[in-house]
Each structure stands twice: as structure tokens, then as C-alpha cells.
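Chains A and B, in that order, give the protein sequences.
For the record, in the first sequence the residue sitting at position 39 is 39 according to the UniProt record's numbering, with numbers rising by one throughout.
For the record, in the second sequence the residue sitting at position 64 is 64 according to the UniProt record's numbering, with numbers rising by one throughout.
Hint data in this document are derived by calculation from the structure and do not stem from the laboratory.
Note that the structure is predicted; figures quoted are calculated from it, not measured.
The C-beta atom is built at its ideal place from N, Cα and C for all residues, glycine as well.
Be careful, since some hints might not be right.
With a cut-off of at most 20 Å between alpha-carbon atoms, the simulated PhoX-like pairs for lysine-lysine come out as follows [said to hold, decoys possible]:
| id | chain 1 | residue 1 | chain 2 | residue 2 |
| --- | --- | --- | --- | --- |
| 1 | A | Lys-38 | B | Lys-44 |
| 2 | B | Lys-37 | B | Lys-48 |
| 3 | A | Lys-30 | B | Lys-37 |
| 4 | B | Lys-27 | B | Lys-37 |
Chain B residues, not near chain A, derived (Cβ > 10 Å throughout) [stated by the list, open to error]:
| id | residue |
| --- | --- |
| 5 | Ser-28 |
| 6 | Ala-35 |
| 7 | Gly-42 |
| 8 | Lys-44 |
| 9 | Ser-62 |
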Amino acid sequence: MDPSSLNTAEVQRFLNQEKERAMMNEMVAKLTSVCWDKCITSTPGSKFSSGESACLSNCAQRYLDLTLIIMKRFQSMQ
Amino acid sequence: MDFSSMASQAGGSNPKMPTEKFMDHFKSQMEQAYAQKFIELGGKCFDKCVTKPGSSLGGSESSCVSRCVDRYIEATGIVGRALFKANQ
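All chains, full assembly: derive it from the sequences and hints.
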């Protein structure tokens, strides 16, 4: 990307795109931190056990389920 | 990362902000976010690998730290894929 070619509209589009990416990265980072604490209980080895990687994957997907339940709960309150 | 301050600097209040300055600001924000992750990862691996701090970091402790960093990056990938898989 050549920075000198940016005009305001392009800058805005670029910012929105980066904002979305940052939000996604933020969520992945937050979840990694939480799921790491839940799933990795022993000292880290040279490879994840199948249980550990399954736990990490499940942890992320269950978090999404939880988000859905909370959203529905809030909607039903309105 | 604070995008709102960047957006207002790039658009509204000062539309003629030099692009170079804007990109510098953007880069420093990225570096800040990166440094934050770095500090967090240090905490995680310190908890796992240095359970009884001695007078220096032992060989097994330093190899634990490098394994820990590798595993944490791998964990980030697993979590990311799990999220995107569920989103589709």
C-alpha cells in the first residue's frame, strides 16, 4: 500500500476494515487466554495431547454457545 | 487499540492530517497492541514454567518457556479455527 495515495474515503474504509480485524483478533486473544488456563493444566510439552487440543477447540465453541444464550436472554427481557 | 481517536484524526476534525503522520500513529498503535500480548504471554509462561524462582533461570525452565510460547501460538490457532468454523 502506498500511503501517499490515500484520500479520506480510502482511509475510512481502511480503518473500518482494520477495526473489524482488531475486534476479531481481540476476541481470539481473549479466548485463548481463558481456554489456555482452563485446558492446559500441566507444563507445556513439545506437542499438545489430543485431549488438550480438543479442550481448546470445545472451549472456544462453547463460549459461542454461551454468547448466544446471553443474547437471547437479553432480547427476551426487552 | 484506540481506533476512534485515529478515525477523528484521519477524518472529521483534521481532514488534512498528513498521511505519513497517520501511518506513524497507526504503526505505534499496532506496536502497543503487540507489546501488550507479549507481556500477557510472559505471565502465562512464567506461571507454568517458573514455579520456584531460583538465582538464575535453569536450562529446563528456559526450554519450558520456549515450548510454552510455541504451544500458546498453537492454541491461538486452534481457538481461531474453532471460532471461524462455528461462524460459518
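Exercise for review: Could you tell me which of the hints above the structure violates, numbers in ascending order?
Suggested key: 8
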